[in-house]
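Let the sequences and hints guide you as you build the complete structure.
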Amino acid sequence: MLRRFRLEEPESVAEASELLGRFGESAKLYAGGTELLLAMKEGLVQYERLINIKKLKSLSEVSARDDTINIGALCTHHELETSMLLQQKVPALHKLEQNVANVRVRQCGTLGGNLCFAEPHADPGTLLMALGAKFIAEKSSGKREITADDFFVDAYETSLQPDELLTEIRVPVPGEYFRSAYLKFGYLERPSVGVAVAFNLNGAGLADVKVAVGCAGPAPRRVAEAEAVLSGKSKDDAAASLAEAGAAAGRASQAMSDLHGSQEYKEHIVGVLLKRAFQSAAG
Amino acid sequence: MAKPMTRHDAQLLPLSFTLNGRLQDLDVEPHELLLDVVRDRLGLTGAKRSCDVQVCGACTLLVDGRPVSACTTLAFEVRGRSVLTIEGLAENGKLHPLQQAFIEHGGFQCGFCTPGMILAAKALLDENPSPTEAELKHFMHGNICRCTGYKKIIESIMAAAEKMRRNG
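Residue numbers (this note's numbering), protein chains in the order written: chain A, 1 to 283; chain B, 1001 to 1168.
Everything labelled a hint here was simulated from the structure, so no lab data went into it. Where hints are given, some of them may not hold.
Claimed, not checked - Interface residues of chain A toward chain B, partial, derived using beta-carbon atoms under 10 Å:
1. Leu38
2. Lys95
3. Gln98
4. Ala101
On a predicted model such as this, the values are computed, not experimentally measured, just so you know. Don't be surprised by glycine CBs; every beta carbon is placed ideally from N, CA and C.
Structural data, given as structure tokens:
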């Protein structure tokens, strides 16, 4: 059962930002609603107004520009899982999108909404960290860029300012030597643990190693301890160090015991997924 | 904290959409859910409220041919769109091949999940008339049945797919 609220339907990002500024915490942005409406139905949050931003059609496009793939924040998971451009340019993200929740959630849920709601047991933020993505935040007075690493602050908390909208996700187009993979595991509807690995692999070995862990703790995070274990090693040496890297990633994951598993269990799964993700990426 | 709103504050939105091929015009408040409008205001009770959190698929409806959870869809979202419920699937009293296949292959027991199962399967077969079993399972894994163990459901959908391909 939802409580009454009023609906605002801005026609521009600036107008949406002004509404956020004017109504403050009594209003909330609404896009796909797949997370927000559940929390409202449960009575965990309530708002006097929802600001429906789906009239901002320019935020529903995927485009290639210079060295990045730019994804409008309103793109649904279904639009992304069927995007040829994403499939060709960022296959790891395309595959992740094919496996978000279920077909009905993918139909309505948006990538931007997923990131902004910052539910701890979500997939995309973790991989976007490993891919080195940047997020564009806009308000009436201008726009700024936030790295994926700096976007997630805590469970349900991002570094967006109260009157800012996330408008675009920019993913660097992978180069010739770039490898990446995202794997998740869980036994409930949402993942218990998600692990993303990305690196450049050429004759000199592994470079630009990024490892990110999601779902285990309150927010997705890079685990530099595991990256350090793998960096600079040849493919074979790195493969031989996966137990060490996995253990380091588990310890650094800030895993918390919850319905999705105990801390120890999650730390173990982080190690298993890191090993498999590395093997999948390295080929 | 937000002030509770009363009926006095009601904001009415005009909602015009196609339901099972017929135009519907009504006013809804922003917070009204599609499932409640379809079941309680329009009297079509095929879609069921069950988990209420987009996990089980018992409330599945097709909006412009794609499956959504009516329990978590605001009614105003179907403005100008075409909604199909299980009640609109048979044509002139003749069951849809999926409905017929669920009967012939025992694709349901209690029947609670069946409207959602059949509508989700229709969406799948409309976009992919020859799914592999893996593709079928991937598409349907968000529709839960607590009776059949799924084997009969998968057999029903595969049989319907074959019949629909044969009949072109």
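Return the status of the interface hint for leucine 38 of chain A: holds when the least beta-carbon distance to chain B is below 10 Å, violated otherwise.
holds, 5 Å
Is the hint on alanine 101 of chain A kept, meaning its closest Cβ partner in chain B is under 10 Å away?
With a closest approach of 7 Å, the alanine 101 of chain A hint holds.
Grab the minimum C-beta distance from glutamine 98 of chain A to chain B and call the hint holds if it beats 10 Å, violated otherwise.
Holds, because the Cβ-Cβ distance from glutamine 98 of chain A to chain B comes to roughly 8 Å (cut-off 10 Å).
Taking 10 Å as the limit, does the beta-carbon of lysine 95 of chain A come near enough to a beta-carbon in chain B?
Violated, because the Cβ-Cβ distance from lysine 95 of chain A to chain B comes to roughly 12 Å (cut-off 10 Å).
In summary, the one numbered hint that this structure violates is 2.
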